[in-house]
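Student: Quick mapping for you: the protein sequence lines, in order, are chains B and S. In terms of UniProt numbering, the first sequence has 84 at position 84, counting the first letter as 1, and numbering is strictly consecutive. In terms of UniProt numbering, the second sequence has 130 at position 130, counting the first letter as 1, and numbering is strictly consecutive.
Rather than coming from a laboratory, the hints here were simulated on the basis of the structure. Each hint should be verified, as a subset may be incorrect.
Claimed, not checked - Partial chain B-side listing against chain S, Cβ under 8 Å, derived:
id, residue
1, Ser29
2, Leu31
3, Asn35
4, Arg57
5, Tyr62
6, Gly63
7, Gly64
8, Ile65
9, Asn67
10, Gly75
11, Leu116
12, Phe265
13, Glu273
Each residue gets a CB set at the ideal place from its N, CA and C atoms; glycine is no exception.
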Amino acid sequence: MLEVEISGVKFKNPIIAASGTFGFGREFSKLIDLNLFGGISTKGITLKKRTGNPQPRLCEVYGGIINSVGLENPGVEAFLNEELPFLRRFDTKIIANINGFSKEEFVELAKIVSPLVDMLEVNLSCPNVKEGGMVFGKDPDKVYEITKEVKKVSACPVIVKLTPNVTDITELAKAAEKAGADAISLINTISAMAIDIETRRPLIKMVTGGLSGPAIKPIAIRMVYECFQKVKIPIIGMGGIMSYKDAIEFFLAGATAIQIGTVNFVNPNAVSEIQKGIENYLKNHGFESVKDLIGNIII
Amino acid sequence: MKLLDVEIVENKMIANGIYLLSFESEYLAKAFKPGNFVNILIEKNSIYPLLRRPFSISFVKENKVFIGYKVVGIGTQILSQKKKGDTLNVLGPLGNSFLVERFDGKVAVVGGGVGIFPLLSLCHELKKVGNEVDVFLGFRSKSDLFFVDEFEKVADNLFISTDDGSIGFKGNTVEFFKTKVGEENYRVAFSCGPKPMLSAIKSLNLPFKCYVSLEEKMACGIGACLCCSIKGKEDNMLHVCSDGPVFDIMEVDI
Ligand SMILES: Cc1cc2nc3c(=O)[nH]c(=O)nc-3n(C[C@H](O)[C@H](O)[C@H](O)COP(=O)(O)OP(=O)(O)OC[C@H]3O[C@@H](n4cnc5c(N)ncnc54)[C@H](O)[C@@H]3O)c2cc1C
Ligand SMILES: Cc1cc2nc3c(=O)[nH]c(=O)nc-3n(C[C@H](O)[C@H](O)[C@H](O)COP(=O)(O)O)c2cc1C
Ligand code: FES
Numbered sequence: 001m002l003e004v005e006i007s008g009v010k011f012k013n014p015i016i017a018a019s020g021t022f023g024f025g026r027e028f029s030k031l032i033d034l035n036l037f038g039g040i041s042t043k044g045i046t047l048k049k050r051t052g053n054p055q056p057r058l059c060e061v062y063g064g065i066i067n068s069v070g071l072e073n074p075g076v077e078a079f080l081n082e083e084l085p086f087l088r089r090f091d092t093k094i095i096a097n098i099n100g101f102s103k104e105e106f107v108e109l110a111k112i113v114s115p116l117v118d119m120l121e122v123n124l125s126c127p128n129v130k131e132g133g134m135v136f137g138k139d140p141d142k143v144y145e146i147t148k149e150v151k152k153v154s155a156c157p158v159i160v161k162l163t164p165n166v167t168d169i170t171e172l173a174k175a176a177e178k179a180g181a182d183a184i185s186l187i188n189t190i191s192a193m194a195i196d197i198e199t200r201r202p203l204i205k206m207v208t209g210g211l212s213g214p215a216i217k218p219i220a221i222r223m224v225y226e227c228f229q230k231v232k233i234p235i236i237g238m239g240g241i242m243s244y245k246d247a248i249e250f251f252l253a254g255a256t257a258i259q260i261g262t263v264n265f266v267n268p269n270a271v272s273e274i275q276k277g278i279e280n281y282l283k284n285h286g287f288e289s290v291k292d293l294i295g296n297i298i299i
Numbered sequence: 001m002k003l004l005d006v007e008i009v010e011n012k013m014i015a016n017g018i019y020l021l022s023f024e025s026e027y028l029a030k031a032f033k034p035g036n037f038v039n040i041l042i043e044k045n046s047i048y049p050l051l052r053r054p055f056s057i058s059f060v061k062e063n064k065v066f067i068g069y070k071v072v073g074i075g076t077q078i079l080s081q082k083k084k085g086d087t088l089n090v091l092g093p094l095g096n097s098f099l100v101e102r103f104d105g106k107v108a109v110v111g112g113g114v115g116i117f118p119l120l121s122l123c124h125e126l127k128k129v130g131n132e133v134d135v136f137l138g139f140r141s142k143s144d145l146f147f148v149d150e151f152e153k154v155a156d157n158l159f160i161s162t163d164d165g166s167i168g169f170k171g172n173t174v175e176f177f178k179t180k181v182g183e184e185n186y187r188v189a190f191s192c193g194p195k196p197m198l199s200a201i202k203s204l205n206l207p208f209k210c211y212v213s214l215e216e217k218m219a220c221g222i223g224a225c226l227c228c229s230i231k232g233k234e235d236n237m238l239h240v241c242s243d244g245p246v247f248d249i250m251e252v253d254i
């Protein structure tokens with residue numbers, strides 16, 4: 001009922017932990033059963049270890065949070081040696097979220113990591129780094145070029161993660177598809193800012209950061225819907241999913257699978273609650289499979 | 001570490017804007033070590049406040065867990081209106097704890113503002129294993145005092161400072177602590193308070209170990225989101241929620 005397939009990779013359910021909100025699974029494994037997830041997208045990794053951005057990196061706003069972690073991560077070697085073997089103990093698909101500061105770095109990472117994981121998620125959308133990330137991801141030509149090169153060397157299917165910080169996200173979706181991406185995931189966080197009126201300083205040291213959580217859901221739904229009209233490859237939708245109802249909206253808008261991020265901080269049990277909710281919804285509405293929901297919006 | 005639904009036993013104001021909340025949890029009361037904190041979901045299905053809020057466990061009594069907190073924003077404001085019988089979802093115990101052992105010499109405990117909360121149970125534990133404990137507490141003013149009776153019962157010496165001099169030493173508690181460092185033979189210090197206070201302690205270059213409990217904005221509280229990172233002394237990243245909140249003052253960049 002809950003099974004979905006993306007480019008030959010079978011997910012036992014369509015719920016994936018969103019990159020950067022779930023570490024390498026280890027921390028949450030003390031609290032919840034990681035086997036509950038259809039997949040886990042790991043914290044974004046880079047070739048070399050990164051310390052990330054200065055504090056404060058986080059602030060809360062109405063219906064969401066702004067973060068500027070800046071891709072702090074232990075580097076690919078530590079990921080492969082220390083984190084991946086742990087994650088492999090669970091019955092869930094492992095998606096490695098990769099980040100480069102040049103095309104060459106993306107290619108290098110894809111070569112090293114792709115034989116060892118189920119899928120790659122090429123993050124062309126991080127708003128919190130000066131080079132790479134969103135800077136590439138805003139330009140359809142760069143999205144095309146990097147996707148194409150990564151596809152050439154990748155031993156596993158490739159997801160391209162898109163940024164919402166553009167006028168027309170479908171241009172990026174089309175570029176990724178044309179370059180051979182197996183799927184796209186959207187949305188990454190939305191560039192945002194908040195100011196403390198007492199100190200008159202920004203609440204994030206880097207001044208701006210990425211907004212996630214319920215506040216961004218309507219935008220994410222719209223973007224999934226628009227991309228669904230324009231590309232044939234599967235879409236993994238995310239942005240503000242807090243409950244099964246939000247998840248269903250994403251499927252109806254055209255998502256084949258969903259990722260849950262910010263909700264993990266609020267309710268670590270969200271994955272099982274959302275899973276049960278989707279199952280009940282399918283039963284109550286006479287659908288046999290989550291696949292029946294994909295793009296099944298009535299306009 | 002567990003996710004628990006707990007029922008509030010009591011939630012009362014104990015000083016100007018300062019509250020003491022208690023709830024029953026045998027698990028937390030048993031698992032708790034001084035320095036640990038919990039991440040409290042103040043309202044279920046709320047989008048503002050959205051995130052959980054971190055609070056130290058001040059102390060436990062039988063199966064009751066006590067949290068002292070100051071009302072500073074939306075979350076603590078809503079928390080202060082909760083009543084006996086209301087439920088809260090609590091994640092904990094989280095973080096590491098203070099080092100409690102028998103030290104060969106006197107122990108200094110220095111607290112400022114809400115940083116005082118986690119230090120009460122620490123003092124009890126330090127006394128239990130046979131230490132002589134001097135306590136230095138800093139408040140803004142006489143009307144802001146809390147927990148003083150409780151510290152009086154456990155401390156060998158209690159020194160109060162207020163910014164306005166309305167009671168005790170006039171000025172900041174670190175200044176006063178500094179004068180005592182010259183006079184007494186402390187072996188170790190423990191501290192929790194606002195960042196400037198901890199930086200002031202660091203700049204004293206104490207000739208003994210000092211452990212401090214730090215605060216940073218937190219989303220997950222368990223080491224997964226990397227929002228609460230701080231730099232270690234070798235430019236390594238440390239996470240206040242999972243590597244801390246207690247650190248050797250020389251190991252962190254504050
Ligand atoms: C390990 C730890 C232990 C703490 N123990 C205590 C305690 O025992 N008593 C007490 O009164 N306070 C304690 N604090 C501070 C307490 O978490 C904040 O005062 C509280 O989160 C403020 O929430 P708010 O919604 O009222 O404020 P708002 O300013 O409206 O909160 C906005 C956001 O900032 C976060 N935030 C604000 N201040 C802090 C802070 N100082 N540290 C971390 N996050 C913050 C909130 O969690 C929230 O996400 C502790 C903080 C940490 C990290
Ligand atoms: C603290 C934090 C860190 C993140 N780090 C990454 C990352 O490393 N790579 C990435 O592709 N997305 C990252 N994201 C974006 C999320 O994966 C997701 O796209 C976004 O948060 C929207 O989903 P949500 O509203 O469910 O959180 C991060 C988000 C947050 C909140
Ligand atoms: S709060 Fe998430 S890593 Fe510390």
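Student: For each hint, tell me whether it holds in the structure or not.
Tutor: Evaluation of the provided hints:
{"no.": "1", "hint": "Ser29", "result": "violated (10 Å)"}
{"no.": "2", "hint": "Leu31", "result": "holds (6 Å)"}
{"no.": "3", "hint": "Asn35", "result": "violated (17 Å)"}
{"no.": "4", "hint": "Arg57", "result": "holds (5 Å)"}
{"no.": "5", "hint": "Tyr62", "result": "holds (5 Å)"}
{"no.": "6", "hint": "Gly63", "result": "holds (4 Å)"}
{"no.": "7", "hint": "Gly64", "result": "holds (7 Å)"}
{"no.": "8", "hint": "Ile65", "result": "holds (6 Å)"}
{"no.": "9", "hint": "Asn67", "result": "holds (6 Å)"}
{"no.": "10", "hint": "Gly75", "result": "violated (12 Å)"}
{"no.": "11", "hint": "Leu116", "result": "violated (22 Å)"}
{"no.": "12", "hint": "Phe265", "result": "holds (4 Å)"}
{"no.": "13", "hint": "Glu273", "result": "violated (11 Å)"}
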